[in-house]
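Colleague: The chain contents come next:
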Amino acid sequence: MHLSSRFLGAQAAQKWDIIASVVLSRPPVIAPKMLEIEKRYQKLQLEEESENSLMNNYELKTKQDQKMLARREQLLKEGKELSELDEEIGVTNAVREDEWNKKAEELQKRYNFSKIAEETDPKSLSRLLDRKLVLIVKQNFGEKKYSSPWILPQMKNKEGETLRQTAERCIGEIAGGDLSASISGNAPFSVFSHKYPKPITQKTGQIGAKIFFYTANLAQNTTDFEANKDDVADFRWVTREEFWSTVPGKEYRNASKFAFLE
Amino acid sequence: MSLLSNFAKLVIKSQAQFHQSIPSCSSVFMKRQKKIDPEVAKQREARRRKRLEKEIRQMQKHSKKPKPVDELTLDVKSAKNIEERYRPKVEVTIEKIDERAISMKEYTRSRNELQRLDDKWIAGVIASQRKALNELKKLDPKLYESAIQPAPGDLPLIIQGPSLTPPIKNYEAPDGDYIDTTRNW
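Those sequence lines, one after another, are chains G and V. To convert, note that position 196 of the first sequence is 196 in full-length UniProt numbering; the numbers rise steadily by one, no gaps. To convert, note that position 103 of the second sequence is 103 in full-length UniProt numbering; the numbers rise steadily by one, no gaps.
Among the hints, a few may not be true.
To be verified - Sample of chain G residues facing chain V (criterion: CB under 10 Å; computed from the structure):
{"hint": "1", "residue": "Ala31"}
{"hint": "2", "residue": "Ser53"}
{"hint": "3", "residue": "Ile89"}
{"hint": "4", "residue": "Val91"}
{"hint": "5", "residue": "Asn93"}
{"hint": "6", "residue": "Val95"}
Keep in mind the hints are simulated off the structure, nothing from the lab. Source: prediction; values computed, not measured. Even glycine gets a Cβ: it sits at the ideal position worked out from N, Cα and C.
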């Protein structure tokens with residue numbers, strides 16, 4: 001019994017190619033916009049909180065300033081000496097606020113915080129900053145450089161290599177330059193079985209491929225990504241919806257759907 | 001009693017009573033022990049005991065004192081003019097109260113929904129992973145063994161952000177010194 005099961009296992013391993021695939025993602029850079037419910041709740045909560053709060057020192061100073069200015073007005077009408085009172089008033093909060101606003105405007109002009117440049121190039125990492133993007137590629141396989149349809153980058157497991165090491169090698173090979181990304185965990189999160197067409201099965205004796213999926217995240221503040229041109233014919237960074245409409249094969253998409261948690 | 005027996009007794013006694021002080025005690029290099037008045041000794045003992053007791057009390061007192069929580073302590077300076085700090089009372093209309101209550105309900109419902117989705121996702125991904133590992137076990141037990149090992153290098157995972165605005169390209173931070181103002185306890 002024992003022997004036969006081991007024999008079967010060895011046979012199965014021969015018949016299936018073991019492949020590691022990586023869902024390499026760029027996490028959202030900026031927080032998504034608040035929903036209508038969230039916005040309303042925040043507004044009302046802030047209102048309630050400020051109603052129940054005590055005044056802080058700054059507000060007290062503002063109140064004091066208003067009183068002093070009113071007195072100054074009165075003295076001005078009566079035509080009295082103002083220098084002593086002016087000294088007492090010093091810098092009012094209104095003057096300070098003006099200064100701060102001016103500074104803020106300057107910064108706004110220099111850095112353009114509110115206007116985020118809309119990037120439309122699907123190869124760019126600075127597109128859709130509030131979404132999670134995933135790398136899909138048209139990968140070259142074999143000596144004839146057969147180019148695959150849109151898939152998640154993948155690589156065949158070599159003898160003596162763990163699956164995670166294969167996944168790491170995969171990231172290293174599809175990236176043109178230096179790329180820092182971290183794979184999470186030693187265990188794949190999903191598997192997809194792909195049967196080869198008959199001619200290939202007859203030629204190689206392999207029934208098909210089992211693709212094991214790993215997730216990986218780009219290091220924070222990665223701004224550039226270049227693909228290795230020998231291995232990758234084309235690449236894109238896509239959202240979940242784009243992934244669904246671009247990548248063929250419903251089973252394949254379903255196998256990797258858990259990587260799209262946002 | 002014979003004289004002889006008497007003599008023998010004397011010899012034995014003198015041998016038993018023969019005493020020699022320990023030579024080192026009378027060494028010239030040793031300091032001579034001062035004789036202390038027992039009254040004084042008692043006083044000293046009492047004093048020492050008192051001092052130790054006091055020290056123990058001090059230590060216990062300090063050991064039981066927890067670190068102060070700044071947020072919970074009363075800011076004496078601000079509490080002095082607390083009367084000035086009260087805001088004028090706002091009359092909240094019934095509509096406003098209703099609006100607030102409804103908004104809170106909506107909000108909690110939406111959070112609950114998110115939580116439900118999260119749970120669903122976790123359950124799904126665990127099932128999916130189990131299936132993948134089972135497949136792997138059938139294909140290659142060695143790869144399976146390596147896949148179920150813990151990956152201590154991946155933890156702790158520290159993620160920052162996301163922030164409200166994207167990082168500014170080519171931003172040069174102004175120079176400055178980092179001063180750690182954390183109090184030590």
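Colleague: Check each numbered hint from earlier against the structure, then list the numbers of those it violates in ascending order.
Modeller: Violated: hints 3, 4, 5 and 6.
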